[in-house]
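Participant: Residue numbers (full-length UniProt numbering), protein chains in the order written: chain A, 1 to 218; chain B, 1 to 257.
Please keep in mind that the hints were generated in silico from the structure rather than gathered at the bench.
Note that the structure is predicted; figures quoted are calculated from it, not measured.
Accuracy of the hints is not assured; some may be wrong.
As the list claims (entries may be wrong) - One-sided excerpt, in silico: chain A residues whose CB lies under 10 angstroms from chain B:
| hint | residue |
| --- | --- |
| 1 | 37 |
| 2 | 47 |
| 3 | 53 |
| 4 | 82 |
| 5 | 98 |
| 6 | 204 |
| 7 | 205 |
| 8 | 214 |
| 9 | 216 |
Quick reminder that beta carbons are idealized off the backbone N, C-alpha and C, glycines included.
The lines below spell out each chain.
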Amino acid sequence: MKRSITIGAIIASSLGAAALAHSGATGVVLERMNGMSAMKKVMGELAPMMRGEVPYDVAAAQKGAATIMAHAGGGMVKLFPEEAIPATSYAVPALWERWDDFSDLADLLESQAFGLAMAIPNGLTAPEPPSPPHDMEAMNNMSDMVGMTDAVVQPSQDLTVAQLMGVEPTADAHTSPTVLPEERESSSLDYTMMAAPAAFEMVSQTCAACHSQFRRGS
Amino acid sequence: MAGGAPLDTPFGRFVPPNLTPDPVHGIGDWTLDQFAVAVRQGVRPDGKAYYPAFTYEFYNQFTDQDMADLWTAFRTVPPVSVPTAQHDLNFPFNLRWGLKLWRARYMTQSETTPVMAQSDAWNRGQQLVNKATHCGACHTKRGLFGGLDANAKLEGNTNLPGGSKAPSISTEDLLSRGWTVANMAYALRTGITPDGDVLGGSMAEAIAQGTGMLTEGDREAIATYLLTPSGQISVGLPTNAAVSSMDSMAGMESGGN
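Given the sequences, and given the hints that come with them, work out the whole structure.
Facilitator: Structure follows, in structure tokens:
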């Protein structure tokens, strides 16, 4: 009896601590905040890895991608029932007013997290594109040469004036948070040929697109 | 460029004008000199002043070359024949002549004097932060009449239009929150903060339409300037370029085996 009371007290206090951490949020609001926090933890842990600051850990990165997948898509939207928004929530009314946009972003996040999982084994650089068999030996020799490690996929820096002014789409516009999901050609993306940091940044762009439209504050 | 999202403030609603080269509704019949006066001094071709919702305070140290480059870029935008909507401002802020008083009392000069002892990155960062990227427009609080508080530069603003807030980006606060040159340069492209949050709000737009378009070197310069404590000399902080060149050297050694 005493033991169960103790366990009960521990559970109650840990629930209390979690609720306090989110300024008194309870129920479904607390549940979705916990989901967001889990994804935030993953982003915080993987970012230094994707920048090459800490050792690259395929297993840890895969686990992180799986965590995001679990909290995105249908798992995310079901935690946003249409109801009066409590003061503890950071959601804004636009989320329900433009439900399809929110739902699309949640689905996009899920598919991008899956894409990240596919790109993670590639490490920090994109794999060499497939080449005809007779070139294989030359390619193997070349892979040891200086400069080949610079193949990280980055947004092009060679933008035209019109692109810089935002009146002409850039080559990497498909990853831009300003482009609606339906405008993206995500189906043409081959994550297995992508550097993990590029896939990771696409995830972050979807987070930013959603936060900028549907989260109060910054 | 033919207008944009209105800005709701305690003074009323400001509407961005048509900046395309349309000769009637845009700036097509302007000269380079008129453009330069508008951007650097905040004065329209008809001699009237702009409201500081247009952040010309930050642009007064732009060089003649900067102005020529900007003008050339603006001329490449396709003209759009759409009239500019009028601002909807509360009395007495709707009286544009009052801006002359405002300019005399509140207009600040951006600090951009190069410091010889500092690195090129720090000096470049100073130029970007205090001029082109105008970080202080949101991250410095404003007084009752919208003037920037020179005593609280970049220390945050809890009263932005729309009820949002911009956190302090003073060096001390940034360092205490775990920012480094590397993770800040990365955040200015991806929005990912050191604790894993991804920035939303108006900063997401500032990244997508602004700092995300800069070169990696410029993002590192901004971070170097913001993270160097006052009175200290910025050092050659490690960058991704340095790391990747080291990797290349390691690869060369293993390749020789």
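Participant: Each of the hints needs a verdict: does it hold here or not?
Facilitator: Hint check results:
For residue 37 of chain A, the suggested interface contact is upheld, since its CB lies about 9 angstroms from the closest CB of chain B, less than 10 angstroms. About 5 angstroms separates the beta-carbon of residue 47 of chain A from the nearest beta-carbon of chain B, less than 10 angstroms, and the hint is met. The interface hint given for residue 53 of chain A holds, since its Cβ lies 7 angstroms from the closest Cβ of chain B, which is under the 10 angstroms cut-off. A hinted interface residue such as residue 82 of chain A counts as satisfied when its beta carbon comes closer than 10 angstroms to some beta carbon of chain B; here the least separation is about 21 angstroms, so the hint is violated.
At about 15 angstroms, the closest approach between the beta carbon of residue 98 of chain A and any beta carbon in chain B exceeds 10 angstroms, and the interface hint on this residue is violated. Given the 10 angstroms rule on beta carbons, the hint for residue 204 of chain A holds: about 4 angstroms separates it from the nearest Cβ of chain B. The interface hint given for residue 205 of chain A is met, as the beta carbon of that residue sits about 7 angstroms from the closest beta carbon of chain B, less than 10 angstroms. At a threshold of 10 angstroms, the smallest CB-CB gap from residue 214 of chain A to chain B is about 8 angstroms, leaving the interface hint in force.
A distance limit of 10 angstroms between C-beta atoms decides the matter here; for residue 216 of chain A the minimum to chain B is near 8 angstroms, and the interface restraint holds.
When each numbered hint is compared with the structure, violations occur for hints 4, 5.
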